[in-house]
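**Q** Each chain, written out:
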Amino acid sequence: MWDYTDKVRDHFLNPRNVGEIEAPDGVGEVGSLACGDALKFMFKLDNEKRKIAIAKFQTFGCASAIASSSALTEIILGMTVEEAERVTNQDIADFLGGLPQEKMHCSVMGREALEAAIADYRGEAPAEKKELEGNIVCTCFGVTDVELKRVIKENNLKSIEDVTNFTKAGGACGTCHPDLAKILAEVSGEAEKTLPAEKPTKKLSNIKKMQLIQETIEREIRPSLRADGGDIELIDIEGDKVIVAFRGVCSHCPSSEITLKENVEKKLKEFVTDDIIVVEE
Amino acid sequence: MKTIYLDNNATTKVDEEVFEEMKPYFCELYGNPSSMHTFGGQVHKKIDEARARVAELIGAADPSEIIFTSCGSESDNAAITGVIKSNPNKKHIVTTKVEHPAVRNMCRYLAKNGYFLTELGVDKEGMLDLDQLREVVTDDTALVTIMYANNETGVIFPIDEIAAIVKEKGSVFHTDAVQAVGKIPLDMKSANIDLLALSGHKLHAPKGVGALYVKRGTKYSPFIIGGHQEHSRRGGTENVPSLIGLGKACELAGANIEYENTEVRRLRDKLEDNLMRLAPDTRLNGRKDQRLPNTTNISFEYVEGEAILLLMNDFGICASSGSACTSGSLEPSHVMRAMGVPFTAAHGSTRFSLSRYNTESDVDLVIEKLPPIIKRLREISPFGRDNL
Numbered sequence: 001m002w003d004y005t006d007k008v009r010d011h012f013l014n015p016r017n018v019g020e021i022e023a024p025d026g027v028g029e030v031g032s033l034a035c036g037d038a039l040k041f042m043f044k045l046d047n048e049k050r051k052i053a054i055a056k057f058q059t060f061g062c063a064s065a066i067a068s069s070s071a072l073t074e075i076i077l078g079m080t081v082e083e084a085e086r087v088t089n090q091d092i093a094d095f096l097g098g099l100p101q102e103k104m105h106c107s108v109m110g111r112e113a114l115e116a117a118i119a120d121y122r123g124e125a126p127a128e129k130k131e132l133e134g135n136i137v138c139t140c141f142g143v144t145d146v147e148l149k150r151v152i153k154e155n156n157l158k159s160i161e162d163v164t165n166f167t168k169a170g171g172a173c174g175t176c177h178p179d180l181a182k183i184l185a186e187v188s189g190e191a192e193k194t195l196p197a198e199k200p201t202k203k204l205s206n207i208k209k210m211q212l213i214q215e216t217i218e219r220e221i222r223p224s225l226r227a228d229g230g231d232i233e234l235i236d237i238e239g240d241k242v243i244v245a246f247r248g249v250c251s252h253c254p255s256s257e258i259t260l261k262e263n264v265e266k267k268l269k270e271f272v273t274d275d276i277i278v279v280e281e
Numbered sequence: 001m002k003t004i005y006l007d008n009n010a011t012t013k014v015d016e017e018v019f020e021e022m023k024p025y026f027c028e029l030y031g032n033p034s035s036m037h038t039f040g041g042q043v044h045k046k047i048d049e050a051r052a053r054v055a056e057l058i059g060a061a062d063p064s065e066i067i068f069t070s071c072g073s074e075s076d077n078a079a080i081t082g083v084i085k086s087n088p089n090k091k092h093i094v095t096t097k098v099e100h101p102a103v104r105n106m107c108r109y110l111a112k113n114g115y116f117l118t119e120l121g122v123d124k125e126g127m128l129d130l131d132q133l134r135e136v137v138t139d140d141t142a143l144v145t146i147m148y149a150n151n152e153t154g155v156i157f158p159i160d161e162i163a164a165i166v167k168e169k170g171s172v173f174h175t176d177a178v179q180a181v182g183k184i185p186l187d188m189k190s191a192n193i194d195l196l197a198l199s200g201h202k203l204h205a206p207k208g209v210g211a212l213y214v215k216r217g218t219k220y221s222p223f224i225i226g227g228h229q230e231h232s233r234r235g236g237t238e239n240v241p242s243l244i245g246l247g248k249a250c251e252l253a254g255a256n257i258e259y260e261n262t263e264v265r266r267l268r269d270k271l272e273d274n275l276m277r278l279a280p281d282t283r284l285n286g287r288k289d290q291r292l293p294n295t296t297n298i299s300f301e302y303v304e305g306e307a308i309l310l311l312m313n314d315f316g317i318c319a320s321s322g323s324a325c326t327s328g329s330l331e332p333s334h335v336m337r338a339m340g341v342p343f344t345a346a347h348g349s350t351r352f353s354l355s356r357y358n359t360e361s362d363v364d365l366v367i368e369k370l371p372p373i374i375k376r377l378r379e380i381s382p383f384g385r386d387n388l
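Protein sequence lines correspond, in order, to chains R and E. Quick note on the working numbering: the first sequence kicks off at 1 and runs consecutively. Quick note on the working numbering: the second sequence kicks off at 1 and runs consecutively.
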């Protein structure tokens, strides 16, 4: 059982500022259902467009993810955008009287959502910007080297375990552990200044890809299948391979193979990326 | 606040009668059963009785087929290594993707040390494809190890059929029956099961004691090498009070097995039916008609398991979850993933496991408290908002 502070428990049991704002000035969305936590954060400035007057959130996640989101909204209320910009994940954790080490990534998610919302307010496209800002190191959770370096520096992280606790990177398949070790060494200046090997930069981050796939299925594919009494379920995503299952009448439809290629795959190629291959479970 | 304990697949309450049976063996009858004097020797008789009680519950032909161990994990580890050490020329092991870590990680350890491992997948209801099993078992297969019933979903595999296939192929079969023993009737005499692991604390005996059934004639090498205890098949001075407790617990489990399959099943079904009726967007994980009578695993979409558990905790309700956050591993349970449960549902999977101690009012409280908890968390969640 996690050892949560009373403040974490309070903000989990009685979260402040849950909901959405009509005509917000900035909206930031991070995480996804697949990752196990996701946060949609938005704020609205006062009439003079100086200070943050309203901040709201919606969170899917564990107790510390909900508490971190709630804390974030409380911290930034009344701040100018410039002040809010300086809020770190440690500020969120401190506000809550600390978080278990393994849950620090929840505070990082809060800071990332804030950053995304500020970028949105300034008219920047946050996801795209993040793409250009670095190479994906952890493909499971879509964490870039730029982000890793920043979190490592800000929180003075020393081990791969720390990095996983704060960013989730390396917490699933573990194949990026050597890269994480290199980045850690690089940041602490212990190792030679060689950069990790170049990786393709144009790749969609995994989170972005998962979000796009989920959205495309919801918007472009499911309605037409449901109209015929069928349905589709997203089972898993392995790289560019999207695994789906047909439900309802589709599950025993002799032409489901055609639907798979002509409808599902075509749509996903169109809206997500050309490399997508769709297979049935 | 009253504790509503619905996490009996994690561990169980020690039955009062079990505890009473154990008590004299701490401060009064503390002798070593291996000693020559009567003071120690009399304990040995009690151990024989416990062994016979364990054998009786699982329908073993003879009590000598029972080896006492320290836990379910030791029983599983001992079974796997005991068999492969006795068949050094065979280098293939078959298991499934949904095993308990005691089997899964032992098999994976061996796979890194010269063994070839096949992990059979399951379908979306958690069931195995027996044709696939027939295909993968070869002359080189030293051991097939497949759990009797799944700890997370309660899904029961057709073990008698599986054991028959393994026998026909000429390999050895072990089953991790930690969740099945005491919940469903078993009969080793009629089954082709060569080895079976069980654990005390899952059936109202204390923690720290288990047993391994080894069918007479099965080639087996000891896991703990030491003294002559357990007919030299498991070294180490016996955990006397606990294995006496295990014996008593097995006797009680045998007497209660019908109750388990009628009354406990009825309460489980009532809980399951009502939760799925009262909370929209739920799904049952595991084949409905092939499950332990005490277990249900329900996914509440768009919400996360740890949050559900903590809110239930405030009402004294104890359950468990397959979500990533409860394991600390950042990934949802390997069982949910092997079943292809979509991640929208895997993170919100919640397991309730009952026992003969649960009452109608326990189940009624969960039915009353949980649906509003799910609604409340969905109001916070950015997903599934159309269904509030």
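Hints listed in this document are in silico derivations from the structure and should not be mistaken for laboratory results. Check before you lean on any hint, since a few could be wrong.
One side of the interface only, derived from the structure: several residues of chain E facing chain R at Cβ under 7 Å [what the hints assert, rightly or not]:
| # | residue |
| --- | --- |
| 1 | Asp62 |
| 2 | Ile184 |
| 3 | Leu310 |
| 4 | His347 |
| 5 | Phe383 |
Dumping the calculated BS3-like pairs for lysine-lysine here, alpha-carbon to alpha-carbon at most 27 Å [unchecked claim]:
| # | chain 1 | residue 1 | chain 2 | residue 2 |
| --- | --- | --- | --- | --- |
| 6 | R | Lys266 | E | Lys124 |
| 7 | E | Lys169 | E | Lys46 |
| 8 | E | Lys112 | R | Lys182 |
| 9 | E | Lys46 | R | Lys7 |
| 10 | E | Lys13 | E | Lys207 |
| 11 | R | Lys241 | E | Lys97 |
| 12 | R | Lys267 | E | Lys124 |
| 13 | E | Lys97 | R | Lys7 |
| 14 | R | Lys7 | E | Lys2 |
| 15 | R | Lys261 | E | Lys124 |
| 16 | R | Lys241 | E | Lys270 |
All C-beta atoms, glycine included, are put in the ideal place defined by N, C-alpha and C.
**Q** Which hint numbers does the structure go against, in order from smallest to largest?
**A** 1, 2, 7, 9, 13 and 16
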